[in-house]
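S.K.: Here is what each chain is made of, one letter per residue.
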Amino acid sequence: MQRKPVSSSNIAEIGYDESRRILEVLFTNGSTYQYFDVSQQEYEDLMRAGSHGQYLNANIKGRYRYARV
Amino acid sequence: MAADPTFLGTVEDVSGATIRIKLAQATASGLSFIEGQSYRVGQVGGFVRVPLGFVNLYGVISHVGASAVPERLAAIEEQGNRWMTVQLVGEGQPGVGFDRGISQFPTVGDPVNLVTEFDLRTIYGRPNDPRFVSVGRLASANSIPALVEIDKLVTRHSAVLGATGSGKSTTVAGLLTALSDSALYPSARILVIDIHGEYGKALADRAAIFRISPDASKGERPLYIPYWAMTLDELLPVTFGSIENGGDRGAVIDRITELKLSGLKKWPRAGVTEEGVTVDAPVPFSIHRLWFELHCEMRATHYEKAGQSQSRDTWALEKDAAGTPVQPGDVMKCIPPRFLPPKDDKGDTEKIRYSRSSLGIGRALDALGSRLRDPRFDFLFRPGPYLPSAEGQMKQDLDTLLASWLGDDKPISILDVSGVPPSIQAELVGSLLRLVYDALFWARNIPEGGRERPLLIVLEEAHAYLGEKQTQVASVAVRRIAKEGRKYGIGIMLVSQRPAEIDPTILSQCGTLFALRLSNSADRGQIRNAASDNLEGLFSMLPVLRTGEAIIVGEAVNLPIRTLIDRPSAKRRPDSADPKVVVPGSESEGYESPGGWNQKRDPSDYAEAVELWRRQDAKSRRAQ
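Going down the list, the protein sequences come from chains A and B. First residue of the first sequence? That's 38 in my numbering, and the numbers climb one at a time after it. First residue of the second sequence? That's 9 in my numbering, and the numbers climb one at a time after it.
Any given hint could be a false lead.
Unchecked claim - DSS-like mimics (lysine-lysine), calculated; alpha carbons at most 30 Å apart, straight line: (1) A:Lys98 to B:Lys588; (2) B:Lys354 to B:Lys327; (3) B:Lys588 to A:Lys41; (4) B:Lys359 to A:Lys41; (5) A:Lys98 to B:Lys226; (6) B:Lys341 to B:Lys354; (7) A:Lys41 to B:Lys418; (8) B:Lys341 to B:Lys403; (9) B:Lys608 to A:Lys98; (10) B:Lys403 to A:Lys41; (11) B:Lys627 to A:Lys41.
What the hints contain is simulated information worked out from the structure, not anything from laboratory work. Values in this document were obtained by computation on a predicted structure and should not be read as measured data.
Please work from the sequences and hints to get the whole structure.
M.R.: Quick look at the structure:
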């Protein structure tokens, strides 16, 4: 999956797979996580958010199932 | 003299390679600036230079302060703490090179200088020299790269030792990244034995990964360790267990040799003659057939017929009404035939007797049978294309196995043994290493061999299988490589957090030590014993090293150096970071990762937990 670098204190890169609806996040500490069944809209909102870290914590964490990859 | 800002003091005492230096009154401790660079004065682990005419002697500071004062002076010395103890390590002519060992000693009154960046550059050689690889920066001078000589690092073996969380795996990942740079070393060859599956991610683009349950979507390949390539001593512990009785052992040896021979007659293999076949020869045989034959020999019941000895013809198989056996048995599936119980009734002429076999390996045989049927052992007993048929025929031979491990396009091969049942891990790692060593040993004159294309074997978590008490295969194999590998281009890099648990004879063969933070005194003692330099002062620093800071001593470095190891980029960090209980971050800025006690709960689904457990695979099915 292609990830785009973002400027955030905790997140290094964010990627999204439309066909599988998987959001992939590379944190600055080097760990990569995938969130499942994330809508395209959610991904776009995350990318647009002023603070990606805050958005991830508020709207994605706790709502989507994730796994470390 | 005072005009020279590098001047530290004078030599006051020389005993062997240990010299004591009295700091000049004018020498300020702390930070000193010379030509725009900052230097720390009087740091344990720092370097000093003693100019002696045309030669400079170099040494490492091991003690500073009161303990460095010579005993007899301690009482009368007014400012008794301005002393340093230095271990001399080598010499060099000003501006040119550096050699280990010293040809002359300093004497009382000789001036001692701080080692400047210029001096260090002459000591550490040229950073662009391909013989050296940079692993980080000197802790005492940030501008100087810490260079390690690859030749010595690989062929004279090395060890990376440090407590959990000291930066061990990161150091190894950094080293491997530097060594596998395809622009500099297009033919590098590194084999990593990975016990926890840590390195796959960090080196994914440079490594061929072999795993017991491979993820084909990531290009991982299955790890096979064909049982038939093992020697008898390696094979027995993972198959029968031990067979004490000499007669039984001999019988098993004979059977294996016979099976190997009969397979060889049908499918000759270059290099091995029928006369030359031994039980240890890397020639295929079917262990399933061995088990089946031994099982039938011991467990069959036989019809007793006058004048006929027990054989396959007298088998008392259980049959149905139509006369076909209920369960005739299957060699490859390890299903035994079902026999009738013995019968000795008065008046009944049909007598059925137990087998008269003299073999006493019933339990060992049952253990073997259950292992052959256990899918966790499939990588060993059903190794894909390397599985011999009952007759000894195979789809592929050892050459493709070796080519995939040692001759892949990528410079690093990771053999991830994390899925190997722990009870046989040591044996398997041992036989795997022996296999690789034997292959490269005999190939020493051809381009595939270790002489022409040396191999570095990285043994992660080495204490798990190289204990002193463990007299088994792994220790034997590693000891052999440690002792002889140098001549055949096979080097070892041990990685461990418990050096005290590693066989000292193996550790003492490691020419270069990367010592990271270690607090356990037994572990530190072991390192002190293994290090070739007499540098106790340096090693007393081990408990207070920072994360990612290492003391490198030994053959691959000119001088013992205290180094800050370069942290590989986020993508190249091994997957070994400890879980954080309290994850740094805040609601407003987000957190470093999604877990931790200080974040809101995620909805839980233990059904998936159970599924993963049953599948014996930590990778979520939905992840890709």
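S.K.: Work down the list of hints and note, for each, if the structure agrees.
M.R.: We went through each hint and held it up to the structure:
1. A:Lys98 to B:Lys588: holds, 17 Å
2. B:Lys354 to B:Lys327: Judged against 30 Å, a Cα distance of about 23 Å means the pair holds.
3. B:Lys588 to A:Lys41: holds, 26 Å
4. B:Lys359 to A:Lys41: violated, 80 Å
5. A:Lys98 to B:Lys226: Answer holds: A:Lys98 to B:Lys226 is near 27 Å, not above 30 Å.
6. B:Lys341 to B:Lys354: violated, 39 Å
7. A:Lys41 to B:Lys418: holds, 27 Å
8. B:Lys341 to B:Lys403: holds, 18 Å
9. B:Lys608 to A:Lys98: Roughly 8 Å separates the two Cα atoms, so the pair holds.
10. B:Lys403 to A:Lys41: Violated, at about 45 Å.
11. B:Lys627 to A:Lys41: The hint holds at about 24 Å.
Violation of the numbered hints given earlier is confined to hints 4, 6 and 10; the remaining hints are satisfied by the structure.
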